[in-house]
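A.B. asks: Throw the hints in and build the complete structure from the sequences for me.
These protein sequences, in sequence, are chains Z and E. According to full-length UniProt numbering, the first sequence is numbered sequentially starting from 1. According to full-length UniProt numbering, the second sequence is numbered sequentially starting from 1.
Mixed in with the good hints there might be a few duds.
Distance ranges between label pairs, derived from CB positions [claimed, not checked]:
no., chain 1, residue 1, chain 2, residue 2, range
1, E, Arg262, Z, Leu296, 40 to 48 Å
2, Z, Val32, E, Leu237, 39 to 47 Å
3, Z, Ala256, E, Arg3, 27 to 35 Å
4, Z, Ala297, E, Leu10, 37 to 45 Å
5, Z, Gly210, E, Arg182, 53 to 61 Å
Treat the hints as calculated values from the structure; they're not laboratory data. Treat the numbers as computed from the prediction; the structure is a model and nothing was measured. Quick reminder that beta carbons are idealized off the backbone N, C-alpha and C, glycines included.
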Amino acid sequence: MIGAVMRRPRSLQATAALFLSPMVLALAVVAVWPLARTIWFGFTDASLTAPADYTLVGLANYLEVYDGAWYGVLADPQWWQALRNTLVFAAASVTAETVLGVGMALVLNARFPGRGLVRAAVLVPWAIPTVVSAKMWAWMLHDQFGIINAGAMALGLIDRPMAWLASSDTAMLSVILVDVWKTTPFVALLTLAALQTVPRDCYEAARVDGIPPWRVFLHITLPLIRPALAVAVVFRLLDALRVFDVVYVMTGEAEATMTLSIHARQQLVQFQDMGYGSASATLLFLVIGLVTVAYLAVLRPDRAASGQRMAGHAGEAGG
Amino acid sequence: MTRYAARAGLAFAVALLLIWSLFPLYYAVLTSMESGSGVFQVRWWPDAVDLGNYRALFAGSNFGRSILNSIMVATLVVAASLLLGLTAAHALGRIRFRGRRLLLMAVLAVSMFPQVAVLSGMFTLIRGLGLYNSLWGLALAYLLFTLPFTVWVLTTFIRELPVEIEEAAIMDGAGPFTILIRIFLPLMWPAMATTGLIAFIIAWNEFLFALTFTLTDTMRTVPVAIALLTGASQYELPWGMIMAASVTVTLPLVALVLVFQRRLVAGLTAGAVKG
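C.D. replies: The following block contains the structure:
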């Protein structure tokens with residue numbers, strides 16, 4: 001393909017190594033080494049105050065029987081609660097984001113005056129720092145002075161103000177709402193990019209044949225945007241499973257909304273228990289790995305790969 | 001008749017979309033301009049413009065310092081990511097060598113790491129390097145998110161540049177460094193601007209590392225400063241000031257997004273990574 005590659009293979013290999021080594025070194029330092037250390041700490045009793053001073057404890061941080069009682073992360077009811085919360089959060093927010101994102105993309109794909117501006121406006125929630133969105137929504141959901149309570153009461157939906165973030169039933173709903181608000185634009189953009197690659201004559205033909213719009217969507221549009229949608233779902237799923245900021249800022253370390261990330265950090269930083277916290281963090285890593293593998297297996301990897309390519313090309317077309 | 005119905009439906013959907021996307025920011029601006037007890041009365045429209053919250057924010061706390069910190073960290077991260085990302089992308093996009101696909105996959109896998117899973121390892125690393133509670137430590141840690149993403153987007157971009165330009169340069173006797181700096185760099189500016197901007201936003205918005213790896217008020221970045229902002233008494237949150245801080249750190253980003261909207265969309269969808 002490239003003539004020069006054939007002519008000077010050895011020097012090019014050396015160049016590749018030279019050009020790659022700074023990046024590889026940097027990733028080894030900030031990613032591989034810290035991850036390996038975390039996994040290692042999970043088998044120790046290290047504490048945050050004296051991380052160098054530890055002994056190996058084997059699997060005790062994960063599961064251990066002592067005097068007939070079970071100890072360790074896997075015997076910790078709070079960890080199981082955090083796992084449940086995380087899975088509920090991820091499933092609910094990713095589902096809502098996907099459905100709303102496709103809807104948003106369909107609207108943005110229509111022709112109307114000022115479409116460019118509307119597309120930019122839709123990006124605003126994505127650009128707002130998560131901490132800021134969490135604070136904005138916490139203020140809007142405020143039990144006494146919040147505009148959402150005032151609005152809902154004015155419309156007669158509720159008869160007295162609700163403590164959205166304090167009550168365990170609505171707290172989870174609230175953090176999901178904020179996450180959906182913030183990240184739906186991302187799904188919408190990926191979907192929109194894919195929508196723009198759907199050939200127009202497909203729609204023309206469908207219209208001539210008098211096929212109703214919802215059937216066109218189901219049988220033409222949806223199959224064509226599926227690969228791009230799958231990519232969006234994978235990325236969103238990974239993000240949702242490791243969620244920290246929005247939950248931590250809105251509800252702190254409350255049990256009703258505690259996620260796996262919050263559990264791990266609490267053990268690690270709050271309780272200074274580096275061994276136990278690292279074990280919890282390693283389990284999160286495993287959960288995310290498992291979910292990703294399961295999702296990709298369901299999806300078939302070859303499709304995911306073609307989705308990646310498609311999203312890439314569509315991006316150029318959309319821009 | 002159905003045409004009108006369709007058009008009305010579209011207009012309704014667009015209006016709904018705009019309100020859904022913009023109302024929280026609008027309401028934050030509204031609250032930030034209320035004074036004293038005015039904050040605690042629900043209003044839908046502004047009645048007076050009072051910048052007292054903004055004045056109090058910059059006079060009474062380290063918020064100005066936090067903004068400066070965030071700018072410095074984000075700039076460092078962008079510079080380092082672009083430098084490392086560009087050279088790596090040149091090799092990954094243009095030179096065929098064994099294990100290239102594997103390396104690309106490994107880089108992608110790093111972007112899937114949960115942040116918490118590297119937290120304790122990163123903590124000991126940063127402390128070991130003497131970078132705890134410093135902006136350098138944060139900038140180093142942020143490479144974890146920005147570098148994989150930069151490498152991916154720039155590699156995708158460099159692959160789509162025509163081979164002929166490079167071949168002509170090789171014919172003229174240009175070496176790899178000359179090709180990168182004289183040929184590719186001028187062509188790469190659009191992609192670099194996009195990835196740089198997204199890397200900047202990621203660094204500007206990051207919370208968990210900034211919360212864990214800094215200790216003192218003067219080293220905080222803006223998200224941490226906002227999350228920890230407290231008023232005169234510990235039990236009374238200064239919502240007016242919190243909203244003023246939120247608006248201050250958000251408006252520059254919103255302006256950037258509006259100006260670079262098309263580029264951002266292209267960059268996000270090309271890399272298909274998290275925002």
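A.B. asks: Indicate, hint by hint, whether the structure satisfies it.
C.D. replies: Going down the list of hints, with the structure as the test:
1. Hint check: Arg262/E to Leu296/Z, Cβ distance near 31 Å, so the stated range 40 to 48 Å is violated.
2. For Val32/Z and Leu237/E, the Cβ-Cβ distance of about 41 Å falls inside the hinted range of 39 to 47 Å, so the restraint holds.
3. The hinted range of 27 to 35 Å is not satisfied by Ala256/Z and Arg3/E, whose Cβ atoms lie roughly 49 Å apart.
4. Between Ala297/Z and Leu10/E the beta carbon distance is about 39 Å. The supplied range of 37 to 45 Å therefore holds.
5. In this structure the supplied range 53 to 61 Å holds for Gly210/Z paired with Arg182/E, their Cβ-Cβ distance being about 59 Å.
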